[in-house]
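With these hints in hand, go ahead and build the complete structure from the sequences.
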Amino acid sequence: MPEATPPSEPPIIVVTDLHKWFGAQHVLRGVSLEVARGETVVVCGPSGSGKSTFIRCLNHLEEHDRGTIMVDGITLDRDVRHLQAVRREVGMVFQQFNLFPHLTVLENLTLAPVRVRKTKPVAAERQALALLDRVQLADHAAKYPAQLSGGQQQRVAIARSLCMLPKIMLFDEPTSALDPEMIQEVLDVMTELAREGLTMVVVTHEMGFARAVAHRVAFMDQGELVEVAPPAQFFGAPQSERAREFLGHLLRADGGGRGGA
Amino acid sequence: MSVADAGALAPARRAPFRSPADAALSAAIAGALAWLAWKVVRWAVLDATWSGDGIEACHARGGACWAFVRDKARLILFGTYPYEEQWRAALATALVIALFAATSVPRLRRPALAWAWLASAGVVVALMRGRGAGLAYVDTSRWGGLPLTLVLATVGLALAFPLGVALALARTSGLFVPRLLATTYVELVRGVPLVTVLFMASVMFPLFLPSGWNLDKLLRAQAGIVLFAAAYLAEVVRGGLQTVARGQLEAAAALGLGYLGTMRFVVLPQALGAVVPPLVNTAIGLFKDTSLVVVIGLLDLTNAAKLAMSDPRWLGAVVEGYVFIGTIYFLFCFTLSKLSRSLERSRAHA
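Protein sequences appear in the order of chains S and F.
Quick note on numbering: the first sequence equals residues 1 to 261 in this note's numbering.
Quick note on numbering: the second sequence equals residues 1001 to 1350 in this note's numbering.
Hints were generated in silico from the structure; no laboratory data involved.
Quick caveat: nothing in here was measured; it's all calculated off a predicted structure.
Backbone N, C-alpha and C define an ideal beta-carbon position, used for all residues, glycine too.
It cannot be assumed that every hint is accurate.
[Stated by the list, open to error] Each pair of labels, with its calculated beta carbon distance range:
#, chain 1, residue 1, chain 2, residue 2, range
1, F, 1245, S, 65, 18 to 28 Å
2, F, 1193, S, 122, 34 to 44 Å
3, F, 1119, S, 66, 54 to 64 Å
4, F, 1344, S, 181, 28 to 38 Å
5, F, 1179, S, 63, 12 to 22 Å
6, S, 122, F, 1294, 49 to 59 Å
7, F, 1210, S, 65, 46 to 56 Å
8, S, 10, F, 1179, 40 to 50 Å
9, S, 67, F, 1107, 52 to 62 Å
10, F, 1107, S, 208, 47 to 57 Å
11, S, 66, F, 1114, 49 to 59 Å
12, F, 1239, S, 177, 43 to 53 Å
13, F, 1114, S, 222, 51 to 61 Å
14, S, 16, F, 1107, 50 to 60 Å
[Claimed, not checked] Covered by chain S, according to a simulated footprint, are these stretches of chain F (three or more residues, beta-carbon under 8 Å):
#, segment
15, 1253 to 1264
16, 1316 to 1329
Shown next as structure tokens:
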């Protein structure tokens, strides 16, 4: 496993005392986390623990109510220029893929580079085809999303985000909507990206992935970040009672293999 | 019959002569249809009168009096447009029909066609209006018949569509003031009959204009139609916007697309594609509603036909007149429905 950047370099994501309410519901209760350049952090926890809300705050799909988020030196606030700058650096992959159904695979990939980064269409296509090749879907460039399987769609979605050359990738339960036999092909792509040193924050229930790929595992429960530890320590000797309980549930649920949702 | 077929449609698909009752019913319906068809053919063809210079010539035979249509075709088609200049109106009409035809061919639907529409709008106005290019000037008050109907409907739709999209976007935006304005506008206009809007456009517009200004009556009617149609189109588009999943907006936002980019490249293509049938429905309705310009004295296809029927020589040739213009309306509206189906097919991926 590659080492994350040495502590001398400043972290690329700094979240301090993050709070978020949905109406009267306090869904994030003072979350603080730093992510180093090149680090992969897996965020896990029971459903309703606030983990999805947390990573959706990182590119401002959800607005936080208190606390600060700094991404690559840019503070996320109400300034639209800051927001756009952050979104240029941060890619996101969703549980439901969210590919654009009216565009071909290739058009899905080139839309943002051409319209946002103002890349020349020819250059954007060349880059898109190279990325499709990397996720082994170069043959499907002319198809529409509905003609692909779930696993293929999610790999297209990953390639689409990579087209914007992000420094950070957020994954919000990327395999939860997939049939079991398609999960691995998506995890393989993610593993490769992590090995290449892309900074990744991944919300997932795939504990096998967390164990093998993550530098650190962040465990959330009831809107709090309960425990952050390297996978060996987190899975081997969880410090908190709540983490032990969560892991116990997972083990009982499917005999210790892949953690189901 | 497969299980899939056995729905509400099953009775209609059953063999028509399976039981004696079925056979009797089928025979009765077939008989009634045949009798009706015979009556129509007799009236429209066998007993029809094709030439003559007055309604009396038709009375003897009792069938349709097509001599009326033959005598009055140019009045019905071109209204009071100067007789010697009617070739110009005919050319303009042919141009619009050719563009309609081209648009209904999927292969020809490219950006160049949109430019062709735009350019031909200029050509049509230049042809109809004259002045310059060696053509005698014809005031818009003398435009009439089919070209007038086509101009009112086509320009009406072309301008109302972007306005409707803008209204729908404003109404679904999170911004309070645009939403309030758009909602108020749509509800006000939808709550009023087109006749009223046309009256107001005709009578009230001039009151707001500085004295000495005079807005052409045709332009006033056109503005009324645009403003009216936009409200209806806005609601259709809003329905389409609601079909676009929230995840699409999030994916576009995460990729760094701003509001306009998201709407233009992600949301509107999907939203408009989802509402092709109701959009065309509204377009067809508007096409026929243009006949209401009679209330402000414009002589469109319907009203030119009424004028022709009021000629004392042809009193009573009412059915023939309406059948004639009805056929013309039908041909255009049917082309629009075919266009709708071809648009739906061309966007059906996988």
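Verification of the hints:
{"no.": "1", "hint": "F:1245 / S:65: 18 to 28 Å", "result": "holds, 26 Å"}
{"no.": "2", "hint": "F:1193 / S:122: 34 to 44 Å", "result": "violated, 54 Å"}
{"no.": "3", "hint": "F:1119 / S:66: 54 to 64 Å", "result": "holds, 58 Å"}
{"no.": "4", "hint": "F:1344 / S:181: 28 to 38 Å", "result": "holds, 35 Å"}
{"no.": "5", "hint": "F:1179 / S:63: 12 to 22 Å", "result": "holds, 20 Å"}
{"no.": "6", "hint": "S:122 / F:1294: 49 to 59 Å", "result": "holds, 56 Å"}
{"no.": "7", "hint": "F:1210 / S:65: 46 to 56 Å", "result": "holds, 53 Å"}
{"no.": "8", "hint": "S:10 / F:1179: 40 to 50 Å", "result": "holds, 43 Å"}
{"no.": "9", "hint": "S:67 / F:1107: 52 to 62 Å", "result": "holds, 57 Å"}
{"no.": "10", "hint": "F:1107 / S:208: 47 to 57 Å", "result": "holds, 52 Å"}
{"no.": "11", "hint": "S:66 / F:1114: 49 to 59 Å", "result": "holds, 50 Å"}
{"no.": "12", "hint": "F:1239 / S:177: 43 to 53 Å", "result": "violated, 27 Å"}
{"no.": "13", "hint": "F:1114 / S:222: 51 to 61 Å", "result": "holds, 56 Å"}
{"no.": "14", "hint": "S:16 / F:1107: 50 to 60 Å", "result": "holds, 59 Å"}
{"no.": "15", "hint": "1253 to 1264", "result": "holds (count 7)"}
{"no.": "16", "hint": "1316 to 1329", "result": "violated (count 0)"}
Going down the numbered hints, you'll see the structure goes against 2, 12 and 16, while the others check out.
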